[in-house]
Each structure stands twice: as C-alpha cells, then as structure tokens.
Amino acid sequence: MTNASGVEEQTLTLPSEQEVEKLRAAEATWSLSFTLNGESVELMVDPTETLYDTLRERLRLIGTKGACLEGECGSCTVLLDGKPVTACLVTSPQVQGRTVVTVEGLAKDDRLHPVQESFIACGAVQCGYCTPGLIVSAAALLAHNSTPSVEEVREALEGNLCRCTGYTKIIDAVLEAAGDEPAVMSVGGEK
Amino acid sequence: MTDTLYYQPKSVDEALQIKAELGAEGTFLAGGTDVVVGIRKGKLKVARTIDLSQVPGLDGIRRHDGFLEIGAMTTHKALEQHDVPAALAQSCETVGGPQIRYLGTVGGQIGTASPAGDVSVALIALKADVELRSAARGTRRLPLDEVFVGPGKTVIADDEMVTRVFVPLGRRSDFYKIGKRDAVAISLVMAAASVGPAGDVAIAIGCVAPVPLRIKRAEALLDARGLSDEAVDEAATIAREDCSPISDHRGGADYRRAMAGTLTKRLLSRLREVTPVKAKPAESSAEVA
Chain A
4 MTNASGVEEQ TLTLPSEQEV EKLRAAEATW SLSFTLNGES VELMVDPTET
54 LYDTLRERLR LIGTKGACLE GECGSCTVLL DGKPVTACLV TSPQVQGRTV
104 VTVEGLAKDD RLHPVQESFI ACGAVQCGYC TPGLIVSAAA LLAHNSTPSV
154 EEVREALEGN LCRCTGYTKI IDAVLEAAGD EPAVMSVGGE K
Chain B
307 MTDTLYYQPK SVDEALQIKA ELGAEGTFLA GGTDVVVGIR KGKLKVARTI
357 DLSQVPGLDG IRRHDGFLEI GAMTTHKALE QHDVPAALAQ SCETVGGPQI
407 RYLGTVGGQI GTASPAGDVS VALIALKADV ELRSAARGTR RLPLDEVFVG
457 PGKTVIADDE MVTRVFVPLG RRSDFYKIGK RDAVAISLVM AAASVGPAGD
507 VAIAIGCVAP VPLRIKRAEA LLDARGLSDE AVDEAATIAR EDCSPISDHR
557 GGADYRRAMA GTLTKRLLSR LREVTPVKAK PAESSAEVA
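Residue numbers (our numbering), protein chains in the order written: chain A, 4 to 194; chain B, 307 to 595.
Rather than coming from a laboratory, the hints here were simulated on the basis of the structure.
Backbone N, C-alpha and C fix where the C-beta goes; we use that ideal spot for every residue, glycine too.
Treat the hints loosely; a few may be bogus.
[Claimed, not checked] Restraint-style ranges between C-beta atoms, simulated for each label pair: (1) E45/A with K347/B: 23 to 33 Å; (2) K347/B with P18/A: 21 to 31 Å; (3) G458/B with L26/A: 29 to 39 Å.
[As the list claims (entries may be wrong)] What the simulated footprint calls covered on chain A by chain B, stretch by stretch (three residues with Cβ under 8 Å from a Cβ of chain B suffice, anywhere in the stretch; the number is not a length): (4) 46-55; (5) 67-81; (6) 161-173.
Make a model of the complete structure from these sequences and hints.
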C-alpha cells in the first residue's frame with residue numbers, strides 16, 4: 004500500500020490469541036512450583052520471564068499492574084513470603100518453593116481485606132492504576148503493625164507512586180483500616 | 307533450545323562450578339534489582355543467568371572476632387532491621403523503596419559496582435573487607451575500596467563470587483545522601499565517614515568519580531592532625547580536589563564537586579560532636595557549625 008506522500012505503508016497484522024498462546028508455550032521450558040494465594044501452582048514458564056509476566060500472561064491474574072517495569076513505581080507490588088516486592092524485578096524461577104500473594108489473594112471468602120474496604124470508604128482511588136500495589140503494600144504494613152503512625156504509613160508506601168491523588172486520602176484509608184484484629188490482617192506466607 | 311540459559315544451583319559449590327565453566331558469559335542473579343532491569347532495558351548483556359535464590363547459607367549477619375560478618379545475599383531490609391553501624395543502616399534505608407530493599411542484596415550491590423552505590427560507599431567508609439570465592443582458588447579477602455575499578459567494573463575474577471563482607475566493629479560512623487526525592491531516587495551525591503577507636507578516620511564519597519571514592523589523602527591528613535576546624539576544612543578541600551564528577555540529568559559536575567566538600571565537612575563535624583577526637587579538647591566540639 005502506498006500513501007499520499009508515496010511512502011510504502013506496512014499493514015500491521017497482530018497475531019491471533021492462539022498464535023500467541025503457541026509462542027508462549029514454546030518458550031516455557033522451566034518447570035516451576037510455588038504457592039499462590041494459598042494454593043499450590045505448578046506450571047511451565049520461560050526462565051527469563053518475570054513474576055509479573057507469569058502472573059498476568061500465564062495465570063491471568065491481572066490485578067497486578069505494571070507501569071515502569073523497572074522497580075520504580077510499585078504498581079506491581081506482590082507479597083513474596085509475606086514481604087512486599089515488585090514483581091517486575093523477580094524472575095519467575097526465583098519464587099520456586101516460595102509463597103506469593105497478589106491483590107486477588109487478600110480478600111477472604113467474600114470479604115474484602117480491610118484495606119480494600121477503607122480505600123473504597125475513603126475515596127482513595129482516582130484512576131485506579133496504582134491502587135492494587137498500594138493496597139498490597141498497605142496490607143503488608145498492617146500485618147505487622149496494626150496501629151501505625153502517619154509517618155510509618157508514609158514510609159511503608161514510599162515505594163508506590165500515585166500520580167492522581169496527592170496521597171492524602173490513601174494515607175487516610177490506611178489509617179482507617181488500622182486497628183482491625185490481627186487474624187483479619189494476616190496476609191499469609193510469612194517465613 | 308540447545309543450551310541452558312538459566313541456571314539454578316542448589317549450593318555455593320555448584321554455583322562456583324557453573325561460574326567457572328561459563329566465565330564472563332555467566333552473570334549471578336542475586337536480588338535482581340539491577341540485573342533484571344538491565345536485561346529488560348537491553349543495557350546489560352546477559353548470556354547466561356546464574357540464579358542464587360535457591361542457594362542456602364549465603365545470607366545472614368553475625369558478630370565474630372571484632373567484625374560484623376554479612377552474607378552476600380543479605381538484603382538491605384535485613385541490614386536495616388539489624389543492629390549494624392550507623393552509616394550502614396542509614397545507607398540501606400535510603401536505597402529505593404521497601405520493595406527494592408526487600409530484594410536488593412549487599413553482594414549484588416558490590417557486583418553491580420555502581421559509583422552511586424549507597425551501601426558500597428558506607429561500607430568503604432567503615433573500612434570493610436570483602437570475601438571472594440572461586441572453585442579453583444578458594445577464598446581471598448581484600449579491602450572493599452580495592453574492588454571497584456570503574457562503573458560496573460571490578461577486580462572480581464570471572465570465576466569468583468562475592469560471599470561475605472566483613473565490617474570492623476567499634477567505629478563511629480555517619481552517612482549523608484543528597485537526592486531529588488527521599489525515596490526511590492538514585493543519589494546525586496552521597497558520602498559516609500567513620501572514626502575508629504584509635505581515632506583513625508575514613509571517608510568515602512559516591513557519584514563523584516567512576517567508582518565509590520575513598521579520600522585517602524584527607525584521611526592521612528586527619529589521622530596526623532585530628533579533627534580540628536582547620537584540618538576538617540583542609541579535608542573538605544582535598545575531597546573537592548580528588549573527585550572527578552560528571553554532569554548528567556541528576557546534577558552538574560560543579561555542584562557535585564562542591565557537595566563532595568560540603569558533605570565531607572558536615573560528616574566530620576557531626577562525628578566530632580559525638581565524641582571529640584584526639585587533638586581537640588572537649589569544649590571546642592560545641593563550636594561546630
């Protein structure tokens with residue numbers, strides 16, 4: 004195809020979902036088993052892919068968001084053995100035998116985690132992209148420290164960037180959720 | 307695939323064996339905060355990855371024989387939560403955000419050899435040694451400031467691994483970082499200093515040279531003359547003279563050079579305030595600006 008300026012235009016054909024599946028399957032040469040949101044998971048992955056890729060692309064857990072993909076923004080925060088880490092910096096083979104909790108794993112049965120409830124109640128969400136990462140970081144804090152100070156909340160969230168809110172309502176929401184019983188706040192998987 | 311590109315050894319010996327076979331082709335993966343980003347951005351050519359996550363015994367902190375022994379896979383967060391010298395704790399607290407500090411390791415930081423390595427600067431100022439190990443030659447121990455030779459370049463041989471860091475106990479220390487933001491910002495300039503039980507001083511500055519820079523000329527002057535106002539001023543002048551900063555998007559070379567002096571003076575003054583050292587009488591410690 005040639006456009007008005009006489010430049011050859013290339014038609015972009017996206018691969019079908021089946022073709023993508025086939026490509027991904029071909030790369031998956033590494034056998035991985037770990038505990039994910041309380042359940043044992045076994046699957047084949049590309050050993051050079053990150054936990055972020057595995058969660059979203061292979062396990063379809065798309066609550067974990069990716070923005071910078073270099074550990075700066077915190078949007079992809081998950082709990083690894085109970086500790087908040089950025090899933091974009093962890094290769095999937097590194098979680099072998101370990102415990103991962105994503106934002107999808109924080110709710111218990113039909114009950115949202117107290118931090119999730121308080122984010123809704125306090126209006127701590129604007130565009131929402133950073134929200135899952137912030138909720139995971141906040142849940143990790145409250146699992147250890149049920150009555151944090153404002154300063155402790157700020158420190159726990161310093162690795163999560165939000166470009167909409169200015170953080171005020173996010174901090175309110177975390178303080179609002181604080182004080183619940185330890186059993187409710189447990190995030191599991193700690194070593 | 308004909309070759310395995312990713313290795314996951316289960317012991318230090320196995321890891322060293324693999325590294326010896328792969329040589330420069332093999333890159334150790336510790337916390338991944340630099341290596342994984344480097345691979346994704348195409349800045350780091352990694353032909354073969356040797357993942358150390360399943361190797362037991364490489365992390366942990368213990369006091370032994372006058373030293374704090376720190377395993378190479380000990381994370382910044384673990385150091386921050388442990389009773390470690392002030393400069394080391396402060397440098398760990400300034401690295402990234404919590405998510406980075408739970409992943410990044412002290413051995414990884416040394417291997418990465420960034421001139422902006424906060425923890426490396428603190429460790430050099432604490433006169434720390436590093437232990438390197440290879441399958442062929444066993445272990446060797448050398449002062450950390452002799453490890454770095456350029457950005458991303460070290461004297462660590464192709465078949466060697468950083469296994470431990472030894473930090474002498476009993477040194478008073480302090481750390482100061484200038485960055486654009488408190489969290490998740492690479493340092494613009496940072497420095498650390500320490501004073502030993504015998505009054506000997508060590509100073510290191512980051513982001514002002516191709517390597518975390520130890521200011522030995524200033525140390526020698528202070529060892530000879532104590533922390534008098536004049537000696538501290540001269541040390542600050544030497545720090546400005548001995549650095550070779552670059553200008554980049556974080557800051558200009560002139561500013562970095564000026565701050566090398568300012569931080570040197572500030573750290574030495576603060577260390578003197580806590581306990582007056584040698585030549586100066588106690589009452590003069592209050593005069594520090």
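Now for the hints, and whether the structure bears them out:
1. E45/A with K347/B: 23 to 33 Å: holds (31 Å)
2. K347/B with P18/A: 21 to 31 Å: For P18/A against K347/B, whose Cβ atoms are near 24 Å apart, the range 21 to 31 Å holds.
3. G458/B with L26/A: 29 to 39 Å: holds (33 Å)
4. 46-55: Since three or more residues must qualify, the claim that chain B covers the region 46-55 of chain A holds, with 3 doing so at under 8 Å.
5. 67-81: holds (count 6)
6. 161-173: That given contact holds, which follows from 4 residues of the region 161-173 of chain A lying within Cβ reach (below 8 Å) of chain B.
Comparing the model with each earlier hint shows no violations; every hint is respected.
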